[in-house]
Amino acid sequence: MKKKLLELEKNALKALEIADDPSELEKIRVTYLGKKGQLTSIMKNVGELPKSERPEAGKLANIIKSNISKGFEEARDRIVIGKGDQAAFLDVTLPGREPLRGHLHPITLVIKEMCQIFARMGFTVVKGPNVELDYYNFEALNFPKDHPARDMQDTLYVSENVVLRTHTSNMQVRIMEAQKPPLSVIAPGKVYRRDSDVSHTPMFHQLEGFLVDKDVSFGDLKGTLTSFAHQMFGRGTALRFRPSFFPFTEPSAEVDIQCVLCGGKGCRTCSHTGWLEILGSGMIDPEVFRFVGYDPEVYSGFAFGMGFERIAMLKYGIDDIQLFFKNDMRFLRQF
Amino acid sequence: MKVSLNWLKDYVDVEMSPDELGHLLTMNGLEVEGIETVGQSLDDIVVAKIRAVKPLPGADNLFICQVDTGRDTVQTVCGAPNVKVGALAPFALPGVKLPDGTVIKEGRIRGEISTGMLLAEDEMGLTDDHTGIMILAHDSTPGTPLFSLLPLSDRVFDVDITPNRPDCACILGIAREIAAATGQIFKRPKIEIVEDGPPIEDLTSVTIIDPEGCPRYAAGMIQRVNLGPSPFWMRYRLYLSGIRSINNLVDVTNYVMMEMGQPLHAFDYNRLKENRIVVRRAQEGEVFTTLDGVTHTLNSENLLICDGERPVALAGIMGGLNSEIFAGTENVFVESAFFDPVTIRRGSKRLGLSTEASYRFERGADIGGAVTALKRAISLISHLAGGSTSTGFIDNYPKTYTPPIIDLRVDRTNLLLGTSLSKSDISGYLKALEMEVQEINEDELKVKPPSFRVDIGREVDLMEEVARLSGYDNIPVTYPFIRPSEKGEIPELLVRDQLRSIMVGLGFTEIITYSFTSPDSADTLGAEEGSPLRSFVKILNPLTVDQSVMRTSLVPGLLATVKTNILHDEKDLKLFEWGKVFTHKEGSDLPLEKNYLAALMTGFYCQKTCNSAERHLDFYDIKGALEALLKDIGLRGSVFQKETGISRYDPGVCASIFFSGSLIGHVGRVSPGVMADYDLADVDTYLFEIDIEALLKNVSGTKEFSSFAKFPAVHRDISIIVKRQLESARIGEIIKQEGGELVESVQIFDVYEGKGIDPTEKAMAFSICYRSKHGTLDGGEINRLHESVIEKIRKETGGRLREG
Ligand SMILES: [Zn+2]
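Chains A and B are the protein sequences, given in the same order.
Per the working numbering, the very first residue in the first sequence carries number 1; after that it's consecutive.
Per the working numbering, the very first residue in the second sequence carries number 336; after that it's consecutive.
Just so you know, these hints were derived from the structure itself, not from any lab.
Backbone N, C-alpha and C fix where the C-beta goes; we use that ideal spot for every residue, glycine too.
You may find that some hints are simply not true.
Stretch by stretch, here's where chain A covers chain B in the computed footprint (C-beta under 8 Å, at least three residues) [claimed, not checked]:
#	stretch
1	361 to 371
2	741 to 752
3	790 to 804
4	818 to 825
5	877 to 884
6	924 to 936
Turn these sequences into a full structure, and let the hints steer you where they fit.
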């Protein structure tokens, strides 16, 4: 046993002396000192010696273990820390081989986030056509032909009775026509207007949401949108509802949130008002119910619509709406 | 609409700051988009008296004026034609800064000293008048600050008027809203008329042939007026409202329109043939020249105001050149009518002619207010231009207006709003808005709205007024009960989200491009006649040609994006777009809208860096990405077939992708010709396009687990020399066919062409994995099977085993 131990010590120290790279050194450590290493297996056999020899053998084994450990540390100092110019050297500051990463478009990210918020509340997502009948885009939403309300949205026409939808509100009529209340639906998608300047793009993205049931009130609209704004912009975000006009809601309300940039103190983004207009909403007009065959004495509901570009600009601090459709990698890579 | 605060204050007391007033209006539904301060930078301008005027020698249009500034007399050179001795005019001394930023200096003009400047209205930013210096009518002392003489300092609110509130498109309408919201008294304009002329019936008559188009026509007359410029106060208010001053007659009609919302028109009475008015529809092809000099060809959609012989105005839109007020006008006929909104809108749309008058008529003027507005105008004209007002007014009113009587339920109101307002609260709000309210019982009110509230006809319209006046902010927040849906997410959306995540994981970046494109896009893609790429849905009124048809492919958007990015030196691109393409659908008003996923790679697969070698992209990179994508959504066993007939792809580097026999898309290298059209001739680009609908048919949505193999496998490799044109998949098929169910998988691990191999041939090496589901394979059995597989390959392909 003693001979075996001394032999092992000799071999180990010699190996440590000639070792010259960190991986080899680690191999030696495992061979001699590791849990399944040679020293450990000899020490396991100490128990089998006659009782009188055990203390001496144990002591020797410990001395040898400490010698090898010392030798290991010396070797490690020599290899890893010392003679850097000769030993294998890993430059951890060199860039790694980074796999190319893709990015989702910021509008997609905002659509996902907002749809998730409404889905958590119990709204179902629906999709519909971009090229739409005048009936669904206007008429059944109480925009009669020859009514000035039509001037509110510059429309791109495909034919006299077919338009590129100017809002995703077309889905209100399509869904109500096909289903019976209760309904809680959101419809995200592309919309089009004949409008192109610094702050408008002829195509953009909108979220329409609506809920129809018995006894739905304007208070419920306020609650739903307040909950949305708190989830989207933070719990403390103040909201303000103010009267407005949309042909398909009555009463109608524009909703402003407290400016997310200045916290309501007033800045350039909020035109020094402290408020940012983010959506239009209201109680669904009985006229719309009449078009889809719901009884307004039995059912009531609310609807709201907002632009994803506007929200994305506020969320990410983007100051130019055109950037969304230029698809410049220097832009897209940031999301 | 631009709204002067001083003008508002004529009709309602405002006890709050302009900002507070702006907030109040906004919160009442009259959104204030901005508040402009005007006339406040004129503090240093004083009144000066012109003491002497003589022409500047050698200059035709310049005068040397001696001007009394109150402190001393200075000499100034002035080019205004209206300088005259004794006149009072605004004067700026050297050092004064004008609103446009000009700083007045002392200088010499043609050797004459010129100190300070006599000012025209436009130079002070007051109006756009530059016909001469502003002559002040007031008898005031030189040196008096100008602002103490004239009400110059004002705030102008820019108010966004929603289409339902034409009654607020005037000063009185907004003043009325302020009064209702604050409880202040609403005052009305002064009307003072002395009817000292002959009875109006003796002078003129009005015949309405189309009472549908013109339910009411009122008119008044003043004879022997003094035509001239309007006084400064009126021109200033018109200017702040965005209206050009013409003369005192026309200005009054515009002033009353801005003040009361009623469009008026002044005719030169003497120019009306037979001195009478007839209201009728235009005949098909009838021609008429409006006062802007434009000649219109009309049809029966246009309503006309005519005299005894011919049209004299486009009703509710614009007057005619043949009857307008001109320098020689002595007798004026003033029209105050109500025209049918739809008629005016159609007429105005048809002619592409929109005016302040048509804007108001098409939204709905106040049929009940026509005579009051007429009287206000007559009162102002006689005040400003003198003359003799005829006795009485014409009021031709064939279709008398009956106001709606609306039942309003208190409970129902509270239910819809989520409020707990009392009957008297509600009644109070409505009365503040000049509605007549009658209590029927505990729950019901009968409400009669005033004639100017054309937006109110139903119970719900009244509920909105109640909500508005009680304050949206005071409605308590509640939460609706939403029943959990029984339906899951629609498959299209599930797959879309999944595909997007996978694409991003594979290193592709998402782009979003416009759904419209140029009609050239099909040519650029080399689409043949009759290709769906040419089945464009055209936009009738596009903004630009580049946006005049709906896209039939996602490829142009992707390639345009490559081009933009290469301009910014972004050359290694992996892009994708998920979106719709649009094509005509036979027998349907609406086109076919189909979702596609298209992805593109260009540049290096990886650039050379300090620790890796560069590598260019090739076909197998895009194909690999596509294969990974298909596997990841659970589509195994898609088949790639060489494709040469799709013009946007390089015919030598393109494949169609099939699944269970149906085509789901294409993959390949973008044709160099297409790239050249994008000025990207040297850019190697790889593309795939997937038809989502076809893909969805093959994706079950759920993945199925299969248990691990229980028995060991036997691996055998073969290397075989075949003709170059032979596709590897063919050999794979033969192996699977011949090996039957014992072949678990076949993998190609080498393809070799070159030294040692005939140039018409190539060597391919396959690794076959044999395994049985039922037991450990017998060595001999496998050897026999493997031999027969090799034999079959030989027979089917003419190939031979590669030796060594
Ligand atoms: Zn702000």
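So, going through the hints one by one against the coordinates:
no. : hint       : result
1   : 361 to 371 : holds (count 6)
2   : 741 to 752 : holds (count 3)
3   : 790 to 804 : holds (count 7)
4   : 818 to 825 : holds (count 6)
5   : 877 to 884 : holds (count 3)
6   : 924 to 936 : holds (count 4)
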